[in-house]
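Keeping the supplied structure of chain G fixed, place chain U upon it in accordance with the hints.
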Amino acid sequence: MKVLSLNFLTCAVKACKSTSNSYPLHPKDAELVEDDLELNSELLLNIMPRIDWPALSTTATELGFPSLPAQPPTKEELEADAKMLQDLHHLLMETQMMEGKLVCGNCGHEYAVREGIANFLLPAHLV
Amino acid sequence: MHPTTPAAADTASQQPSSSGSGSSAASHAAAPTSASGNGMQPPITATAATAAPVVAVPPSGQNDSTTAPATAKGMSSSSPLTAAAAAAAAAATSNAAAAAPSTAASLAPSSSSTEAASYEETHVHAVYESIAPHFSATRYKPWPVIADFLTSLAPGSIGFDVGCGNGKYLGVNPGVHMLGSDRSASLVRFARDHGGVERSQDVAVADGLSLPFPEGRADFAICVAVIHHMSTRERRREAVRALLDCVRKPPDGQSGGGEILVYVWALEQSGSRRGWDEGTEQDLLVPWVMKQKKEKKEKKTKTKAKAAAADQEGKDAAGIAEEGKESAPGPAVAPSEITYQRYYHLFRKGELEEDVEAVGGKVVRNGYDKDNWWVVASRCS
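Protein chains in written order, with my numbering: chain G, 2 to 128; chain U, 262 to 642.
Check before you lean on any hint, since a few could be wrong.
[To be verified] Simulated pairs of lysine to aspartate or glutamate, EDC-like, Cα-Cα distance not exceeding 20 Å:
#1 K18(G) - D454(U)
#2 K102(G) - E116(G)
#3 K15(G) - E612(U)
#4 K15(G) - E476(U)
#5 K102(G) - E63(G)
#6 K18(G) - E476(U)
#7 K510(U) - D53(G)
#8 K15(G) - E495(U)
#9 K18(G) - E499(U)
Hints were generated in silico from the structure; no laboratory data involved.
Just chain G, with the same shape it has in the complex (with noise of 0.2 Å):
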């Protein structure tokens, strides 16, 4: 599972959705692989206005990346900047989170990582 959809996954207990806590979902114990995908430009600079910036910088630095700027880059800033463009190349679609585990801040709720695929399947208690 891509970075890129980690900035679009929540806590799955209804309860839960509307609190600021649990988003984003925090990565624990988390095993990252690293594939190598050629750069797709446009679809990256298009992509950009639909991230939760704040969300996604929590995330970054969660799972050991440096910090990112405070203000998500512009579409001008970006294409002058190569280094920027791959470098958000990188976090968002080359690094997956295979295994471990992604927790819901606000009921503490772990959601199981395996082989890339999170589980949300909740236990009876929580539906």
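Structure of chain U alone, referenced to chain G:
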């Protein structure tokens, strides 16, 4: 049968098919009640982890009297019986006479959502866990309306495929990012690898009524052949609501915003070989017949698999699924068939639109496509 389905995949039509519309609907009404009556309700987390449980063993005493015990016996040795597989077994029989669709109206839960959930556990989730390899092998061609929806999305769009099955839609448009989810862990593994190991897809195991997607972020969500498995109207509407919740609201007073595309099976399909029409009962158990085959290589051929008893060791038996196809009735029972009963709610004309509007959705466009009703909808601003 969908026109894009290759002829070779007759056993593999994209929706279940049955030639048994005229046969006795009451012939097999006992299985579901015996299943629930025996409390076959595995915990929600106990999904089958085995990727290829071709064989699900009906535990003795869990089946109605039509089950041929000799059939089940030979297949029991090699497959570990998970809780989900056990529930599927409760929904399955190995008797060919069970292959006709049967009315589920008196069986489907009516009141409590807990009952509905456990009913679906037995008659939807557990079945898909058990038939996943066959189901996946028979579904590879995207439907045109859905492919068109996906390819017309703005570049860089982000969206979800809820009930992604084997993931055949995840890679349709490489200019967008899709995250697939399905209730079946086995199908999700197929979905991850759908585009090959080099192009693994992002997928998660999730329930359509408890989705792990943040509110109002996605540009789109698709949900194909899923909501007709929900056994009460309340749950079907909740499923639509959950989809709408995922996508962006339109800006105030304007159109636009994220869109959902929902496909469900239609009640009106008199043109199909199932022959169902407006007078048909809307809640049905539709059989999925798996036949044991000796050689996997033959799995794309349309063979009347009269598998010999020797095939039933289970060691390397690949099944052939014949969806809803009525098997030979009478004494000539093919010994190696297992019939799984999946619950379906067939939508009558206009019903899907009613459900969308009941949960605050706005129908953008809609249509009928080869035995299915579909709708594209957005949120009201």
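Open item on the list: Does D454(U) sit within 20 Å of K18(G), going by the straight-line distance between their CA atoms?
Closed with: Distance ~30 Å between K18(G) and D454(U) Cα, so the pair is violated.
Open item on the list: Given the hinted pair K15(G) and E612(U), is their Cα-Cα distance within 20 Å?
Closed with: violated, 27 Å
Open item on the list: What's the verdict on K15(G) and E476(U), does the C-alpha distance respect the 20 Å limit or exceed it?
Closed with: OK: K15(G) and E476(U) at ~11 Å, within 20 Å.
Open item on the list: Hint check: K510(U) vs D53(G), CA-CA at most 20 Å. Holds or violated?
Closed with: Roughly 16 Å between the alpha carbons, so the hint for K510(U) and D53(G) holds.
TODO: Take the C-alpha atoms of K102(G) and E63(G), compute the straight-line distance between them, and say whether it is at most 20 Å.
DONE: It holds: about 12 Å lies between the C-alpha atoms, which stays within 20 Å.
Open item on the list: Holds or violated: K18(G) and E476(U), Cα atoms, limit 20 Å.
Closed with: Given that 20 Å is the threshold and the Cα spacing comes to 8 Å, the pair holds.
Task: Restraint check for K15(G) with E495(U), where alpha carbons must lie at most 20 Å apart - done: Holds, at about 17 Å.
Open item on the list: Would the hint linking K18(G) and E499(U) be met if the CA-CA limit is 20 Å?
Closed with: Between K18(G) and E499(U) the Cα gap is close to 16 Å, so the pair holds against 20 Å.
TODO: For the pair we were handed, K102(G) and E116(G), check the Cα-Cα distance against 20 Å.
DONE: holds, 12 Å
Of the numbered hints given earlier, the model fails hints 1, 3; all others are met.
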